[in-house]
Every structure is written in structure tokens, then in C-alpha cells.
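Those protein sequence lines, which keep their order, are chains A and B.
If you want my numbering, it's the 1-based position in the first sequence plus 279.
If you want my numbering, it's the 1-based position in the second sequence plus 333.
There could be a bad hint or two in this list.
What the hints assert, rightly or not - If you anchor each label on the Cβ, the simulated ranges turn out as follows:
1) B:GLU475 / A:ARG411: 51 to 61 Å
2) A:ALA469 / B:GLY661: 43 to 53 Å
3) A:ALA600 / B:PRO421: 39 to 49 Å
4) A:ARG411 / B:ALA510: 33 to 43 Å
5) B:LEU566 / A:ASN603: 48 to 58 Å
For the record, the hints were derived by calculation from the structure and aren't laboratory data.
Just so it is clear, CB atoms sit at the ideal spot from N, CA and C, and this is done for glycine as well.
Each chain, written out:
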Amino acid sequence: MVDDWAAGATIGGVVIPGLPDMARLRADRHAKVQGQLEAQNVDGLVLLGSAGVAYATGADAPGEDSGRAGLFRSVAVVVRGDSSPHLYTAFWDGVPAELPADHVHGPLFPDLDDGITEFVEALKGHFSPGARLGVDEQTHPMLRALEGYEWTDASSVLGAAKILKTPDEVSAIREAQRITEQAMESARGALRPGLRQTDLSGIFLRRIFELGATANAIDPIWQVMTPTKAEGPWTSHGDLAYPTSTTDRSLREGDIIWVDAGICHQGYASDFGRTWITTAYPSPTERQISHFTRWRGVVDAARDILKPGVSALELGRAAIAANNGVKPWMEHFYLAHGIGTDSAEMPLIGTDLGDAFDASLIMGPGMVLVFEPVIWDEGYAGYRSEDIVAVTDTGWVLLSGLRYDPFEVAA
Amino acid sequence: MTGVMALEDTDSVGFTRLRLERRRRLLAVMERAGLDVLVLGRPGDVRYATGARTLWRTGANPFAPMCVVVARTGRVHLLSTWDDGIPPEIGHDDLYGLFWNPEHLIAALASIPGLTEAHRVGTDSLTPFFGGVLAHLVPALELVDASRILADVRADKTADEFVCIETALTLAEAGLAALDDALQPGISEQALLGAYVEAVARLGAPTPPSENVVFATPLLGPVRYRYLVTDHLINKGELVVLSPGALYAGYEAGVGRTRTAGAAPSLSAVALGDRCRRATDALIAACRPGNTGADLYRIWESTGEPPAEIALVYGLGLGAEAPMVGFGRGADAPLLEGAVLNVQAFVTQEGTGGFFERELVRIGVTGPEVLSRSER
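All chains, please: the whole structure from these sequences, using the hints.
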């Protein structure tokens with residue numbers, strides 16, 4: 280039986296399904312990309328980045344280190360007016376079933392001069408000379424060989440298509456998050472003094488694959504927070520350094536660790552953030568519980584006013600007010616970020632893009648927000664967790680579900 | 334060969350020497366190519382230039398100027414808001430922060446000494462936006478393809494780089510041992526992948542170079558090389574491809590083997606394995622200085638196998654590197670002394686399954702040296 284977690288909430292009048300219908304999701308997504316190509320007068324897209332290819336085609340690919348993923352990358356070509364995207368890939372078993380056979384091709388190797396003529400021929404088959412094309416990366420072999428087109432950044436088309444999720448996309452993100460949270464239960468259950476950060480990674484990563492995840496997305500973070508900023512790494516802005524990468528550091532009794540991890544499932548990212556205490560007998564101090572309570576209050580303040588029509592600036596101001604006037608997020612990050620086929624994408628709330636940008640960023644049904652405020656108490660470290668919500672026609676639904684143990688038992 | 338723990342008496346790998354030698358080589362090729370500045374965005378290139386241990390993310394991400402090397406000053410500038418994971422030779426003044434506002438990033442780049450007055454600027458990739466940014470920041474810009482320069486300098490491995498690759502291979506072989514232990518009828522491909530990834534993570538390598546590590550090949554019907562793990566439960570007698578890799582200090586190694594699940598190999602499986610080994614060994618024998626990709630294609634054809642559906646050979650180092658010989662590409666690619674290669678073969682027989690092997694091979698002065706030790 281499918282869990283009716285969205286309880287009838289709608290986006291654009293359509294009920295968010297308990298589980299995504301991936302074929303419908305891909306068709307709707309393609310229609311949105313086509314709509315943006317039309318609206319922005321772009322003749323097509325040529326995409327080389329993993330997240331962009333996943334978005335445009337729905338193709339799955341094995342998780343890979345960037346060094347390998349670059350050379351053996353899939354390429355997506357979207358032609359304005361075409362009913363389906365073209366996919367150039369070696370990963371034949373990740374090709375969506377409904378993609379017509381004449382839209383599925385062998386790999387192109389845009390990083391190599393050898394074979395760039397195949398790339399040239401492929402594009403000739405799709406576009407007329409002088410066509411205006413969006414691209415997310417131009418390798419030097421491409422720069423040399425693919426003359427005669429007007430190249431623009433694909434991000435304007437993709438960004439506009441991606442910012443509003445369909446009900447199936449929201450459900451897909453929730454499914455990726457569900458797997459992540461289940462796997463994190465195993466990691467937290469194993470947390471003991473003496474365990475190494477990489478041991479936690481091993482436990483978590485094993486579980487995500489056992490639970491059916493398509494791929495891992497980032498090296499899971501288990502950063503030990505120092506009580507003061509000065510005891511942590513140097514930073515260019517004087518604020519916290521986070522997230523720093525995982526090592527085989529052994530965790531000690533009482534270490535406060537800020538956990539951050541994300542997977543990729545059916546093309547969609549998850550984002551898990553929690554604060555844990557390293558001990559077999561977790562019992563947070565009053566002070567630590569007050570950090571959590573403050574964090575909860577900040578997220579609640581933003582969520583209380585979250586609905587279509589509210590601006591990012593209003594959400595940021597509500598969060599700051601709930602933290603006694605102190606900005607509850609890190610200088611280099613945000614109060615909240617979007618998530619989709621990228622682990623962090625628009626809408627971004629509270630970045631260095633500035634207040635005018637935030638004032639113009641209006642919440643709409645289908646936007647997904649990962650709230651990740653930080654409560655810092657100099658001398659006592661602090662608290663950071665992440666809550667994911669999707670904006671619906673009338674308010675929001677929660678996509679993350681795990682409890683905040685050991686700080687609170689009810690989500 | 335070295336382990337991964339710290340030693341009180343010595344550095345198990347001369348990481349300081351490794352980084353300084355890479356930087357020396359990089360500045361030397363910049364001088365030979367007449368480059369004033371390098372702007373790098375590919376993680377492997379950035380790792381080569383900086384030695385920074387930054388957050389690992391999966392997949393191919395769009396180009397951004399992660400690192401700027403200035404020939405005149407010899408300084409290496411890096412996009413990082415903090416110094417955790419940053420080697421000491423990259424000072425705080427050399428770091429520029431993470432920005433979401435492109436104007437702030439442009440201002441940070443503009444303040445890098447030697448960039449705006451540069452002439453010849455090499456990049457390893459580009460986007461329309463950053464092409465425009467460079468043209469704006471560098472009035473006398475002559476854009477140069479640095480991806481080839483980086484590929485050439487990375488191909489010839491130093492002794493320290495080689496130690497890193499051997500250590501990665503040790504971890505990959507440990508991953509194979511974990512897979513061998515876990516493989517039995519009834520286990521899913523997903524659970525096998527999980528057993529592997531936990532094993533290498535606990536050894537300190539939690540970011541597999543690829544998650545294309547396990548697939549069963551069918552006892553009936555057509556057989557193809559598969560890339561994505563499924564919930565398929567392994568059947569007794571199936572030939573199962575196991576292809577674990579590992580990264581150590583950014584350097585990649587891997588090994589590939591095929592096992593019969595829960596039973597002794599059938600006669601036809603033994604014959605298929607022999608075919609695979611003959612093909613792999615023929616390719617390995619051709620990995621000599623002076624040969625090219627065309628020699629590998631010719632050797633493959635001479636084995637009588639149908640055209641390969643996967644690459645025959647590709648370089649390994651900070652990820653997959655040149656030469657890439659496969660999918661019809663790389664016939665002209667030279668096989669250079671000092672390169673480390675992934676050499677692989679996948680052969681199939683309907684009614685039996687598929688058999689895969691991959692070996693790590695170093696091209697020595699006199700010929701190939703097989704580095705993998707796992708039982709074939």
C-alpha cells in the first residue's frame with residue numbers, strides 16, 4: 280500500500296501522488312523544457328553535465344567520480360518542437376523505456392578531438408546553421424569544431440523549467456529522502472565513541488544501496504563542531520567552516536557532529552541534515568536542547584508564513600526575527616535552497632545575491648525548499664538540521680520525516 | 334606499496350613531495366606552452382594543481398573557475414572559503430570564497446595578481462558565461478586549450494603518484510575480497526554493491542570511482558555489459574561480474590573479475606573465461622611504448638571476438654585519463670611509457686553468460702607490467 284503522506288495536497292490542482300509516476304514525470308518535464316525553449320526563443324539544448332542530462336532525458340547513469348564521469352559522460356540534445364529529447368550514451372540500461380529508438384544514440388565523447396566529427400554531424404542533423412543553442416559546458420574540442428551556432432548558457436532555460444516541480448517530481452524527491460533517512464537510522468544507531476567518520480559513511484552507503492538507491496551523491500559529512508569558531512578551520516569570512524570533508528578521524532565521547540548527506544534516486548537528490556551527539560547514552564544538556572528549540576522556532580517561523588505569493592525576503596526576515604535578530608545561517612550559504620536533479624538549486628533564500636533578489640523571488644506551488652538554518656552559540660557549538668518542504672497550492676507539505684533524536688522524538 | 338594509516342617515523346607517501354613535483358611540472362608546461370595563466374575547473378585537474386581535499390560530489394558538474402595558476406607569481410589560487418583540506422603551500426591569501434552572486438566571483442577573480450594583465454590564458458573547459466567573464470577580465474585575452482596540456486602532464490606518473498595508485502589498487506582488491514565473501518545465490522546485486530562500498534569506506538575510501546561494480550549475466554538469452562545495479566537476486570550458476578575500484582588521494586585503481594555464483598564453473602563458463610583471459614592478455618601484451626590505439630584494435634580483432642561494446646583501454650590517474658581506446662575512438666592515441674592503464678575485456682556466450690576482466694597495467698620501458706594481483 281502506498282503511503283498517503285501528502286494527504287491530498289495539490290500543486291496546480293493536481294494531487295501529489297504517494298509515489299512518482301516516472302514516465303509521466305519525464306513527459307511533464309519535457310513539456311516544461313519545451314515551453315521555456317519557446318518562451319526564451321532558444322532552438323535547442325546541448326547538455327553535458329550529469330544533472331542536466333538527467334533532467335532533460337530522465338536517463339539513469341551509475342554514480343561516478345567526476346574524473347571518470349567527465350570522460351564517459353552522456354550527452355542530451357533537446358530540439359525545440361521535438362516530442363522527445365535525444366540521448367547519446369553508453370549506459371543503455373539507464374535509458375527510459377518510452378524514449379523512441381531513433382532518439383537513443385551511442386556516446387559522443389565531447390572531451391576528445393577524436394570523434395568530434397560525430398558530434399558535429401549529430402548537431403547538423405538536429406539544428407540549422409546559426410541556431411541559438413543553450414549549452415552547460417563547452418570543451419575545447421567543441422569550441423574548435425562546433426562553429427556556426429549561437430551559444431548561450433543553458434541555465435536560463437533549465438533554471439526556469441526546474442524551479443517549479445510537478446507533483447511527481449515532489450514525490451520523487453520525497454522517495455529519495457525516505458531512503459536516505461532509513462539509511463541514516465542505521466548510521467545513528469551505530470554511532471559510538473571510537474567509530475571513525477569513514478565507518479559511518481560505510482554503514483550509510485551500504486544501506487542506501489540495499490534500499491535501492493540509484494547512486495550516492497556526495498561524500499557523507501560527519502563534521503565535528505568545535506565549541507568556538509576560532510577553534511575550527513580558518514575561513515575567509517570569519518564565519519563557520521562547513522561542510523568540511525570526511526576523513527578517518529575517530530569520533531570521541533561527546534563530540535557534536537553535524538551530519539549532511541544526499542543520494543540520487545531516479546535522478547532526484549535528497550538532502551539529510553541533523554546534529555548528533557557521539558555517545559552511547561545521548562542526553563543533551565539544557566543548553567543543547569535550547570539550541571534545538573531555537574532551530575525549531577526558526578524553521579517554524581518561516582513555515583508559518585510559507586505559501587504561494589510570499590517572497591524569499593519575507594521568509595528570511597521571519598527566520599531572523601525568530602533568532603532574536605541574528606541571521607541564522609552561514610555567510611556562504613542560505614536559509615534555504617531548492618533541490619531537484621541538483622542537490623542545491625533555485626530557489627536560494629538569503630544568499631549574497633542580496634535583498635533585492637530575494638524580494639523578487641516569490642514562492643509558487645511546486646517550489647521545494649530545504650531549510651537548513653544554523654543556531655550558533657559561541658563557546659558551546661550549536662545546532663543544524665534540515666527540513667524539506669514543498670510549496671503547495673495553499674501552503675506546504677513536509678518531504679523529510681526523520682525525528683531529531685536525541686533532541687526531540689516527534690518530527 | 335603502503336597502508337593508509339599515519340606513521341610516526343615517516344610519511345608513508347611523500348605527499349609534500351608529490352604536490353610540489355606536480356606544481357613544478359605544471360609551471361614547466363605552462364612555460365613551454367607560453368601560458369600566463371591557467372584557469373581550471375575539472376576536479377582532476379584542480380586536484381593535480383592544488384592537492385586540495387575538497388568535498389567529493391558525484392558526476393560531471395558544469396565548469397566553473399575552481400583554480401587559477403599564475404605563471405609570473407608561481408601562485409596557485411583556489412576557490413575555498415576555508416583552509417581545511419588545503420595544503421600549506423596555498424596560503425590564506427590564495428583562497429577565494431564561494432559566491433552565489435556572479436559579480437562577487439568576478440570581483441574575487443579580478444583581484445588575483447597577474448590575471449587581468451595576462452595574455453595567453455589556458456582553460457580546461459568553458460561555458461558561454463565564463464568565456465564572457467574571461468574576455469571581460471583579461472582585455473588582451475588569447476584563449477588556449479589547456480585540457481591537452483593537462484592530459485599530457487598527468488599521463489606521465491611520478492613515483493609518488495604511482496604509490497597512490499598502488500594503494501588504491503590494494504583497496505580495490507580488498508573490495509573484491511568483500512564481494513567474493515558476500516557473493517552467494519539469493520543475494521541481490523544491490524546488496525553486493527552495498528557490501529563492497531562499506532568495505533572500501535571502512536578502509537578509508539568512501540567515494541568509489543564508479544558504482545558500476547556488480548552485475549549478473551543471464552544464463553539464457555542475449556548478454557550485454559550492464560551499468561546499473563538492480564534488485565536481481567543472484568541465481569546459482571550465474572556468471573557475476575565484479576569490478577570494484579577505489580580512490581586514494583584522488584588516484585584511481587580498479588580490478589575486474591567474473592565468478593560463478595554458488596557452484597563450480599560449468600564447462601562452457603570455463604571456456605568463456607579462457608576466451609576472456611586470452612583477449613585481456615593479448616591487449617596487455619600490446620601495451621608497449623610506441624604502440625597506439627590502432628594496435629589495440631588490431632589485436633582485439635585478431636582474437637576473433639566481435640567488436641567490443643566497452644572500451645578496451647583507458648588511462649587511470651586522477652580519474653579516467655588519456656588514452657581512451659574504445660567506442661571507435663583513440664586509434665591514433667599513443668601508448669606512453671609511465672602511463673597506468675585499465676585494460677579490460679568482456680566476452681559473451683548466449684546460454685552461458687558474460688565474462689569480464691580488467692587489469693591495471695603500467696607501461697614500462699620494456700613492456701607492460703600487470704599490477705593487479707587478485708585471483709583470476
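Results of checking the hints against the structure:
Taking 51 to 61 Å as the suggested C-beta distance range, the pair GLU475 of chain B and ARG411 of chain A does not conform, at roughly 26 Å. Our hint of 43 to 53 Å for ALA469 of chain A and GLY661 of chain B holds, since their Cβ atoms are close to 48 Å apart. For the pair ALA600 of chain A and PRO421 of chain B, the beta carbons lie near 43 Å from each other, so the given range of 39 to 49 Å is met. A C-beta distance of roughly 54 Å is found between ARG411 of chain A and ALA510 of chain B, which places it outside the suggested range of 33 to 43 Å.
Distance hint for LEU566 of chain B and ASN603 of chain A: a CB-CB separation of about 56 Å, consistent with the stated range 48 to 58 Å.
When held up to the earlier numbered hints, the structure conflicts with 1 and 4 and fits the remainder.
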